[in-house]
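Just so you know, the sequences run in chain order A and B.
Residue 301 in numbering that gives the first Met the number 0 sits at position 302 of the first sequence; the count goes up by one each step and never skips.
Residue 78 in numbering that gives the first Met the number 0 sits at position 79 of the second sequence; the count goes up by one each step and never skips.
Hints were generated in silico from the structure; no laboratory data involved.
The structure displayed is predicted, hence computed values, not measured ones.
One or more hints might be untrue.
Said to hold, decoys possible - Pulled a few chain A residues facing chain B out of the computed Cβ check, cut under 8 Å: (1) ASP61; (2) GLY64; (3) ALA65; (4) MET68; (5) ASP72; (6) PRO73; (7) ALA74; (8) ALA106; (9) LEU107; (10) LEU110; (11) TYR113; (12) ARG117; (13) LEU284; (14) ASP288; (15) TYR329.
To be verified - In silico DSS-like links for lysine-lysine, alpha-carbon gap of 27 Å or less: (16) B:LYS10 <-> A:LYS310; (17) A:LYS546 <-> A:LYS215; (18) A:LYS400 <-> A:LYS472; (19) B:LYS40 <-> B:LYS23; (20) A:LYS303 <-> A:LYS367; (21) A:LYS173 <-> A:LYS399; (22) A:LYS399 <-> A:LYS416; (23) A:LYS541 <-> A:LYS215; (24) A:LYS249 <-> A:LYS173; (25) B:LYS23 <-> A:LYS131; (26) A:LYS399 <-> A:LYS310; (27) A:LYS249 <-> A:LYS472; (28) A:LYS367 <-> B:LYS10; (29) A:LYS367 <-> A:LYS468; (30) A:LYS104 <-> A:LYS131; (31) A:LYS416 <-> A:LYS367; (32) B:LYS23 <-> A:LYS42; (33) A:LYS173 <-> A:LYS104; (34) A:LYS472 <-> A:LYS546; (35) A:LYS400 <-> B:LYS40; (36) B:LYS40 <-> A:LYS60; (37) A:LYS325 <-> B:LYS10; (38) B:LYS23 <-> A:LYS104; (39) A:LYS400 <-> A:LYS416; (40) A:LYS416 <-> A:LYS546.
For each residue, glycine too, the CB sits at the ideal point set by N, CA and C.
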Amino acid sequence: MNNLAGIGVSPGVAVGPIRRIVQVTSDEPIAATPREVFNALEKVAADLENAAHHIELDIAKDVLGAQAMMAGDPALVEAIGARLTDDITYPDVRPHVTDSFSGFKAALTALGGYFAERTADLDEIMNRLLAKLSGTEQEALVLTAPSIIVAEDLTPSDTAQLNLQFALALVVEKGGPTSHTAIVARGLGIPAIVGCAGILDLEEGTTLLVDGREGKVYLNPTDSDIESRQHREEALRARAAAVVGPGRLKDGTHVTLLANAGDAAGALAAASVGTEGIGLFRTELLFLDSQTEPTVAEQVAMYKSVFEPMKGLRVVVRTLDAGSDKPVPYINAIHEENPALGVRGWRLTRTSNDVLSRQLEAIAEAAKGIDIDLWVMAPMINTPAEAQDFATRARAVGIKKVGVMIETPAAALHADKVLAEVNFGSFGTNDLTQYVMASDRLDSRLSDMTTTWHPAVLRTIQIACNSAKTLNKSTGVCGESAANPYLAAVLLGLGVNSLSMAPSAVSEVRGFLSTVDFAQCVEAANQAVNAMSAEEAELLAKAVLEK
Amino acid sequence: MPSQTVVVGSKVGLHARPASLLVKAAGGSGLSVTVGKPGEKAVNAASLLSVLALGVKNGDSVEITVADGDNSDSVLAQLVEIVATDHDE
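Bound-form chain A, shown alone (with noise of 0.2 Å):
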């Protein structure tokens, strides 16, 4: 049996044939008139207003809504009209179009955050203005039968097109796990993966088997595949809902399980679940959010607002991650070449200090009065004299537990001297895989080297927790490996004492958990380090906690 790879999104399994999207591009020249570009404009606003109307899901209503406006705002008209000022037949409109966009656009992107978003609302609406235009928009795409939709990548008005009620499974080649893609099937409910190299090559009408959860899609399965898939999905979903409480293991071993938040939402969501706290709060939502950096009294009403719902519990709360894949506009203003290897994370105190004072003051500030368990951390922490700078700094507020995000191979490697420093680390899986891989993670045309089942990472995690037990400090995780249960189960083998995922998937976990030994969690994640391959370590690593 074939396969291929990528990152699920939306877990579940589902067989069925291909209907593949095709997504038109060109840049043909396209010949005119100012009259012609403005009704296309406006049916391209009516189109997006009818698809707003007949979609079911919310979440795209509201996007495909903007997006009719933004078609039809004087504003846009007005820039249009004065880049095609002469009513004759332009040889080609392309660039005066882009140009008419490209204005919006930078003012948006600069103010950052949430607005910057709204500039892929612009692309959209400029890809269908120039698709009426040229002739080459595609035919309203209807599904007559069941079918696993494939595409380059799906955007709100494609999903808008389609009656998704008969869309099995969504497989796409680009996008990640926070693609529109990504949110529109765990909306539905139905399996999806994303970053698929290779999916576009498959022949229309193929018959797939679509594992959500592995992110895994098998060619032409047969019905033993098919059976073994859906028992284990099913197995694995009743589990989940059958087991509550604190998580344990089978022999009774407690393990701490934490969600991850960023916002009082968040928090509430990750008390629902059951879990003894927060395991990562994100703090830049806040900055991401502001065009200037937030008074001291604004976080603090912000941060007040996760631990009120957090009371008796841990918060264990990272300081602003702000650079590489997250810039704050007024904080990382100058253009790195390289910014995941630049000025991010506590380096902002080269160039941003007292940023980062403010914020330790408005953390501590915050807590006073409410009865949580605070536990306080920096980002990219490198050094042991980047950890004494935080942890004095920090306890200098009145900060009791302090620790470091361990996302660097060379805090992993010198964790002996790094922890010291401080109370605990949290391993930061996500960034520590790409930098032990030096393989972007956002680059989807590396995905297979970007994963945490590598032996070379499991290994920098291992070297780390060795130092953490001989100081007998506390380490977590609070990356997505966290939330994947095999792998839940390695990093507890390799001497994690806590884990932290997103609050959908703690109950999946905590099932999975309560089926294993410790035994077999030290096993598996010895045969996992000894591996030659991210595929062997999963491998031998699930035999072994199958057994």
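Once you've looked at the hints, dock chain B against the given chain A.
Leaving out everything else, chain B in the frame of chain A:
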């Protein structure tokens, strides 16, 4: 021309639904309406792109001005209420 300054109630600022509601109401009023941060250049409130580009966040003040007409005051009151409300609650 009646005008009023109002503090933005929405948590996300003038973005997403709050911005759409303002733009729809301004466009549907039949009167020319502008919105801007006090002391800065005001923009056409019937243009979503222009309103977004103001980059107004929660807690900021904006000044809304409605052109003279039969129902200017009631249009202004309606728009002020849209901006002051937190629509995500």
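Cross-check of the supplied hints:
{"no.": "1", "hint": "ASP61", "in the structure": "holds (7 Å)"}
{"no.": "2", "hint": "GLY64", "in the structure": "holds (7 Å)"}
{"no.": "3", "hint": "ALA65", "in the structure": "holds (6 Å)"}
{"no.": "4", "hint": "MET68", "in the structure": "holds (5 Å)"}
{"no.": "5", "hint": "ASP72", "in the structure": "holds (5 Å)"}
{"no.": "6", "hint": "PRO73", "in the structure": "holds (5 Å)"}
{"no.": "7", "hint": "ALA74", "in the structure": "holds (4 Å)"}
{"no.": "8", "hint": "ALA106", "in the structure": "holds (4 Å)"}
{"no.": "9", "hint": "LEU107", "in the structure": "holds (6 Å)"}
{"no.": "10", "hint": "LEU110", "in the structure": "holds (4 Å)"}
{"no.": "11", "hint": "TYR113", "in the structure": "holds (5 Å)"}
{"no.": "12", "hint": "ARG117", "in the structure": "holds (6 Å)"}
{"no.": "13", "hint": "LEU284", "in the structure": "violated (11 Å)"}
{"no.": "14", "hint": "ASP288", "in the structure": "holds (7 Å)"}
{"no.": "15", "hint": "TYR329", "in the structure": "violated (12 Å)"}
{"no.": "16", "hint": "B:LYS10 <-> A:LYS310", "in the structure": "holds (24 Å)"}
{"no.": "17", "hint": "A:LYS546 <-> A:LYS215", "in the structure": "holds (22 Å)"}
{"no.": "18", "hint": "A:LYS400 <-> A:LYS472", "in the structure": "holds (11 Å)"}
{"no.": "19", "hint": "B:LYS40 <-> B:LYS23", "in the structure": "holds (21 Å)"}
{"no.": "20", "hint": "A:LYS303 <-> A:LYS367", "in the structure": "holds (9 Å)"}
{"no.": "21", "hint": "A:LYS173 <-> A:LYS399", "in the structure": "violated (44 Å)"}
{"no.": "22", "hint": "A:LYS399 <-> A:LYS416", "in the structure": "holds (20 Å)"}
{"no.": "23", "hint": "A:LYS541 <-> A:LYS215", "in the structure": "holds (16 Å)"}
{"no.": "24", "hint": "A:LYS249 <-> A:LYS173", "in the structure": "violated (39 Å)"}
{"no.": "25", "hint": "B:LYS23 <-> A:LYS131", "in the structure": "holds (26 Å)"}
{"no.": "26", "hint": "A:LYS399 <-> A:LYS310", "in the structure": "holds (17 Å)"}
{"no.": "27", "hint": "A:LYS249 <-> A:LYS472", "in the structure": "holds (25 Å)"}
{"no.": "28", "hint": "A:LYS367 <-> B:LYS10", "in the structure": "holds (24 Å)"}
{"no.": "29", "hint": "A:LYS367 <-> A:LYS468", "in the structure": "violated (32 Å)"}
{"no.": "30", "hint": "A:LYS104 <-> A:LYS131", "in the structure": "holds (21 Å)"}
{"no.": "31", "hint": "A:LYS416 <-> A:LYS367", "in the structure": "violated (31 Å)"}
{"no.": "32", "hint": "B:LYS23 <-> A:LYS42", "in the structure": "holds (19 Å)"}
{"no.": "33", "hint": "A:LYS173 <-> A:LYS104", "in the structure": "holds (22 Å)"}
{"no.": "34", "hint": "A:LYS472 <-> A:LYS546", "in the structure": "violated (31 Å)"}
{"no.": "35", "hint": "A:LYS400 <-> B:LYS40", "in the structure": "violated (48 Å)"}
{"no.": "36", "hint": "B:LYS40 <-> A:LYS60", "in the structure": "violated (32 Å)"}
{"no.": "37", "hint": "A:LYS325 <-> B:LYS10", "in the structure": "holds (20 Å)"}
{"no.": "38", "hint": "B:LYS23 <-> A:LYS104", "in the structure": "holds (22 Å)"}
{"no.": "39", "hint": "A:LYS400 <-> A:LYS416", "in the structure": "holds (17 Å)"}
{"no.": "40", "hint": "A:LYS416 <-> A:LYS546", "in the structure": "violated (38 Å)"}
Checked against the numbered hints above, the structure violates hints 13, 15, 21, 24, 29, 31, 34, 35, 36, 40; every other hint is satisfied.
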